[in-house]
Amino acid sequence: MPTTPSRPLLRLSGVDLDYGGVPAVRSVDLTVTGDTFAGVVGPSGSGKTTLLRLLLGTLRPTRGIVHRAAGLTVGYVPQLETINWDFPVTVRECVLVARRQTRLRPWPTRAERTEVGEVLERLGIGAVADRRIRDLSGGQQQRMFLARALLRRPSLLLLDEPTSGLDLATRHEILHMLGELNRQGVSIVLTTHDLNGIATHLPHIVCLRQRVVAEGAPEVVIRPDVLERTFGARLDVLEHYGLRVVVDRGAGLEVAG
Amino acid sequence: MSWWSALWDPFRFGFFVNGLLVATFAGALCGLTGVYITLRGMSYLGHGLSHSVFGGFAAASLIGVDYYLGAGLWGVASALMINRVARSRGIGSDAAIGVVTTASFALGVALLTLFGSRGPSFDAALFGSIVGVRPVDVVIVAAVLGCTLVVVCARYRALLFTTFDPEVARASGVAVGRVDVLLMCVLSLAVLATLTVIGVTLVAAALVVPAVIARMVARTFAFLLVVAALVGAGTGFVGMNLSYHVDVPSGTTIVLVGAAVFAVVYAATTGAKRWQ
Chain A
1 MPTTPSRPLL
11 RLSGVDLDYG
21 GVPAVRSVDL
31 TVTGDTFAGV
41 VGPSGSGKTT
51 LLRLLLGTLR
61 PTRGIVHRAA
71 GLTVGYVPQL
81 ETINWDFPVT
91 VRECVLVARR
101 QTRLRPWPTR
111 AERTEVGEVL
121 ERLGIGAVAD
131 RRIRDLSGGQ
141 QQRMFLARAL
151 LRRPSLLLLD
161 EPTSGLDLAT
171 RHEILHMLGE
181 LNRQGVSIVL
191 TTHDLNGIAT
201 HLPHIVCLRQ
211 RVVAEGAPEV
221 VIRPDVLERT
231 FGARLDVLEH
241 YGLRVVVDRG
251 AGLEVAG
Chain B
1 MSWWSALWDP
11 FRFGFFVNGL
21 LVATFAGALC
31 GLTGVYITLR
41 GMSYLGHGLS
51 HSVFGGFAAA
61 SLIGVDYYLG
71 AGLWGVASAL
81 MINRVARSRG
91 IGSDAAIGVV
101 TTASFALGVA
111 LLTLFGSRGP
121 SFDAALFGSI
131 VGVRPVDVVI
141 VAAVLGCTLV
151 VVCARYRALL
161 FTTFDPEVAR
171 ASGVAVGRVD
181 VLLMCVLSLA
191 VLATLTVIGV
201 TLVAAALVVP
211 AVIARMVART
221 FAFLLVVAAL
231 VGAGTGFVGM
241 NLSYHVDVPS
251 GTTIVLVGAA
261 VFAVVYAATT
271 GAKRWQ
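Here the protein sequences line up with chains A and B, keeping their order. Its first residue numbered 1, the first sequence is counted upward by one per residue in this note's numbering. Its first residue numbered 1, the second sequence is counted upward by one per residue in this note's numbering.
Please note that a few of the clues may not be correct.
Partial list, derived from the structure: chain B residues whose beta carbon lies under 7 Å from chain A [to be verified]: (1) Ser5; (2) Cys153; (3) Arg157; (4) Phe161; (5) Phe164; (6) Pro166; (7) Arg170; (8) Ala175.
Note that these hints are calculated values from the structure, not bench results. Glycine included, C-beta positions come from ideal geometry on N, C-alpha and C.
Let's have the full structure, built from the sequences with the hints guiding it.
Here it is, written out as structure tokens:
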């Protein structure tokens, strides 16, 4: 990931991870710095989520080393598909669990209520704070988990498929919001299948197929030869008003907004 | 005798008042813990544990240890084993519950067949008995309820987080393993404390029914816990009274009252949705 003067938060050196002897990621070297805004792309089963969990610390490498900056706080936004949306909890309750309970009484302090309210307002979902999570739109659901992650004031935010299942406008809205957070000083790494979305919004892309096939700026990575090595399929790349647009020959033109 | 005095009639008996208190406290206790169990997709854990403690019951009887102590330790050990197997391998909660609890139950039956029982009556253990409730049982159930309330309040956010989203909870610094162990201990104690009145066979319903009823009406998680505890206490109170008047085992009437409340709430909430 970008080798900027900014301080390194996480570094993976020669990391392998196996699931019961089956390799998930191989020889991964990556550095996440304080201003990283990177997207990890690759086909299903390429190790994207595994890589994210290695960065998160919920998985330990089979081989290799993960260096973590002292006092690093990581926020994590899971895939929306993994959530039980019928769980009887409101947006406010869902976000508040990220704040450690420090007293016997279960209800939040006035300061905690204010803090949760501010985070929800900042992400534009203050009005739905007392709604049940199943009553939210896809974009609101994603913002709610962002709010929960941000409540911990993380220096690094990891997001697993944040644009999956969202319509085109909401996808761009979420990526735009992540760009804003990055400019405010939050380092961000996300996984996605949305090549055109990240080519438009993200300054750094990592192509993964168990190993890091390539990484760099979109103009370096979004190239037919790199995409073929990553996805095992021929994808064309067009220039459109200075932006790179990936064309899947089988599926027709995918438009990046 | 007027219907009013008939209603008050059983309160003349000390054993009934003891039974009523235990049923009400146990109902609240099961309602509260049942919320977490049902939301974790472990609804049959209560059913399994109630059978599992049978092994502890038999072992305690065999070696002459107090029934509560033996069965309680056995129940906690079974719950921890289920939790470990379910979390650590891709076996699934339902399969883990099936393996651990049936093995424990079978062991209990084998021990009792070989060595016999020197403890309380098995019919009472299976279906619950109002007569079997001692004053010390009231104190024990009240104490377990008190401890459970403290745990649910003091670890409210951690319990909610680990139930809703364990992976992110772990990544956020919550000691998920420890919270799971705490919940399993509380559940085992709840099952054990409830056996006296409801019996082995019907504990599962006492754990699941109030939580399911509460899910149909509560909009927030906090309110869900309150409603489940109140429904559990209410069905315990009404069921115990009904047990006296219709002369049917208390466990049966408590569960039937719960099922009736479920049917009414289900019909009402379904009707309300259609109306909207």
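Tell me the numbers of any earlier hints that the structure contravenes, in ascending order. Hints 1, 6 and 8 are the ones this structure does not satisfy, whereas the remaining hints hold.
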